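**Student:** Sequence:
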Amino acid sequence: MSQMILPGTYIDVLSEGLIAPGQVTVGNVGVVGTASKGQINTPVLLSSYNDALAIFGSYDAIVKKDEVPPKQPPTLNAKALTLTRALELVFSFGATTVYAMRVASPKDVIPVVDIDAKKTAGWATVTLAAADGTWTTLLAASPGAWGNNINCTIKSSPEAVRTYQETLNVPQDGGSLTDFKLTYAAKKDSPRNRVLVRSVAGGINPVVVGPRPNPDDKKMHVAIDGQALKFDAALTAGDKIDATYAVDGLFELTLTAGQSVETYLVQNAKMLAADISNPDSTSSLVTIVTGDKSAEPPKEVKVTFTGGANGEDFSLYDDAQTYEPLLDVDAHIIVAAGQDDKQAGAGLDQHCQKASTDEFKRDRIAVVGSSRATGTPADRTGFINTLVGNTLASDRVIFIAPGIVATSSAPDDLKFNPITLPGAYAAAAIAGKLAATAPHISLTNKPVAVIGLEVTFKNAQLEELVQNRVTALELNEGFRVLRGQTTDTGAFREITTRRIVDYAKYGVRSASAPFIGLLNNDRVRSALRASINSFLQSMLDGEMLVGYGIEVTATREQQIRGIVQVTITLQPVFSINFIQVTMILS
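The sequence shown runs -17 to 568 under the working numbering.
If you are wondering where the hints come from, they were derived from the structure by calculation, not from laboratory data.
From a predicted model like this one, the values you see are computed outputs, not experimental measurements.
We put the CB at the ideal spot given by N, CA and C, even for glycine.
Among the hints, erroneous ones may be present.
PhoX-like cross-link-like pairs, simulated, lysine-lysine; straight-line CA separation at most 20 Å [what the hints assert, rightly or not]: (1) Lys46 x Lys163; (2) Lys61 x Lys275; (3) Lys281 x Lys252; (4) Lys200 x Lys212; (5) Lys61 x Lys47; (6) Lys163 x Lys200; (7) Lys397 x Lys46; (8) Lys212 x Lys170; (9) Lys222 x Lys201; (10) Lys200 x Lys137; (11) Lys61 x Lys46; (12) Lys137 x Lys46; (13) Lys201 x Lys212; (14) Lys137 x Lys281; (15) Lys252 x Lys169; (16) Lys137 x Lys252; (17) Lys212 x Lys222; (18) Lys252 x Lys275; (19) Lys137 x Lys47; (20) Lys336 x Lys487.
Restraint-style ranges between C-beta atoms, simulated for each label pair [as the list claims (entries may be wrong)]: (21) Ser30 x Ala277: 28 to 38 Å; (22) Asp301 x Gly460: 33 to 43 Å; (23) Leu247 x Thr339: 25 to 35 Å; (24) Leu27 x Asp301: 22 to 32 Å; (25) Pro400 x Ala277: 51 to 61 Å; (26) Thr165 x Leu0: 53 to 63 Å; (27) Gln241 x Asp199: 54 to 64 Å; (28) Leu298 x Pro400: 27 to 37 Å; (29) Lys440 x Leu298: 54 to 64 Å; (30) Gln303 x Ile542: 32 to 42 Å; (31) Ala277 x Thr236: 16 to 26 Å; (32) Thr236 x Ala431: 19 to 29 Å; (33) Asn32 x Asp161: 49 to 59 Å; (34) Ala2 x Gln241: 29 to 39 Å.
I would like the entire structure built from these sequences, with the hints used as guidance.
**Tutor:** Right, dumping it as structure tokens:
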């Protein structure tokens, strides 16, 4: 508020009444699994399956090697890569915003440049030699077998010349004021060689490159000989030297991996390291560790990277720590790619419960699927008993069964298509469908666009599954979700109830956050109530609620403590699961 000293009009604008809640969603998917490339333990935002292929690579064959067609269902490879296959299903069933995270064995990211450790952890590498030592070591940009497809060629390019620019500082601590060292050896007497001196006192002084022709020449001259830059007159401490010079004696280093090609013209490994790490054009294929002879020229060579491994042995899906990086992203539906309820159920539940606390404010649910069906088509008793005896009981976990029939684009799988996948992959499909569905719309009786089901349950079996918290898929005028439910036996048995409440929590936070730090008085509390009310009214208009109530209060003690008490009563909408018909005949 302005101090009113001089006569005039003073205006204060109180804008709290214009604060409105932001847009919220509960439809972002998070997928965790193994892949052939990509950074480890780092969630990556994807908007299409093509993004997934570019970043994480194609999936490999899921059918066990040496399996002979037409065996159906074929034996599956327990160590097949899971992430990209699950992402294909997630995007195919409607998801548009997905956070994907690659995991691998060993699970830890190597945080420092430790070549031996990275080789052990699955990075493909190649070591390039100078005449009498190591010139440099190149590592694939991420661990994985994809790096074994990178080819490296080094050949001399005697006719090539590149121009390099750099700025040198004239020392202020008593160093030489005439002799300086360039980063790279310059081509002598090249017309590209130019030097300017920016004076600490202001102004730019051009410098003649070459010897002084006669004593009467008043201009400053500089001699360039290799890396040596020698002025014929002392500069002033604090001046800056802008040197542009030609570099020759170059080698052409070419990296190829599939359709990707990167070419570098370099004088030595230090120049290569600068080019590969250039923030404006960072290499997408490799990182570099220079060797003890990095300043020398390399030997000509043609070589292929080796040692890349996918880390497909990863098995810590039941450890909540595996999903910790996802706490930093807004993912609301979590899937452990290719993992069944026993492999990932408990870990996902722990993660979702932790993420949904007020500390992290990342309310989310997990979708897990069943293991491979056992028994014969005529007798699935053992499989049914396994499903009925599941140990999942959480308002934030959905359990899907059975598996689905889908096609695989892996070359070695083509002769087996379509392939029966376990419920662990059905979970990815349902997660994608859930992401494309509004929070209040139930999955119950919704069609599922799959080729077929792993098992066709009978009515008695379906009843038993529903009673034991399984979201079962059935054959009924196509393939459908029998009933969309969580594994909870309490208030949040319906998936819609859980998602509506989570949506309301996100919205109330969005409506309330701008008021933090404002005055705790009647005017601001009224504005807060109006902001929250506008969000809840939008939920009512969108048929997520059938009614709601809201109170915003603060006692004097609460005001002193900085607290506003908001009490909200929600009446979420429910879907029709049963239709009771009474026929009266007359």
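**Student:** Go ahead and decide if the range 16 to 26 Å is satisfied by the Cβ distance of Ala277 to Thr236.
**Tutor:** holds, 22 Å
**Student:** Holds or violated: Lys200 and Lys137, Cα atoms, limit 20 Å.
**Tutor:** Status violated; Cα separation ~45 Å.
**Student:** Does the structure keep Lys137 and Lys47 at a Cα separation of 20 Å or less?
**Tutor:** violated, 40 Å
**Student:** Lys252 and Lys275 were given as a pair; does the straight-line alpha-carbon distance stay at or below 20 Å?
**Tutor:** With a Cα-Cα distance of about 10 Å, the restraint between Lys252 and Lys275 holds, given a limit of 20 Å.
**Student:** Holds or violated: Lys200 and Lys212, Cα atoms, limit 20 Å.
**Tutor:** holds, 17 Å
**Student:** Holds or violated: Lys61 with Lys47, Cα cutoff 20 Å?
**Tutor:** holds, 11 Å
**Student:** Just to be careful, I want the Cα atoms of Lys137 and Lys46 compared with a cutoff of 20 Å; is the pair within it?
**Tutor:** violated, 42 Å
**Student:** For the pair supplied as a hint, Lys163 and Lys200, confirm whether the alpha-carbon distance does not exceed 20 Å.
**Tutor:** violated, 24 Å
**Student:** Does the Cβ distance between Thr236 and Ala431 fall inside 19 to 29 Å?
**Tutor:** violated, 45 Å
**Student:** Please check whether Ala2 and Gln241 have a Cβ separation lying inside 29 to 39 Å.
**Tutor:** violated, 47 Å
**Student:** For the pair Leu298 and Pro400, does the Cβ-Cβ distance stay inside 27 to 37 Å?
**Tutor:** Given a distance of about 31 Å, which is inside 27 to 37 Å, the answer is holds.
**Student:** Honestly, do Pro400 and Ala277 meet the 51 to 61 Å range at C-beta?
**Tutor:** Since the Cβ atoms of Pro400 and Ala277 sit about 58 Å apart, the hinted range of 51 to 61 Å holds.
Against the hints set out earlier in the document, violations occur for numbers 1, 2, 6, 10, 12, 19, 21, 23, 29, 32 and 34.
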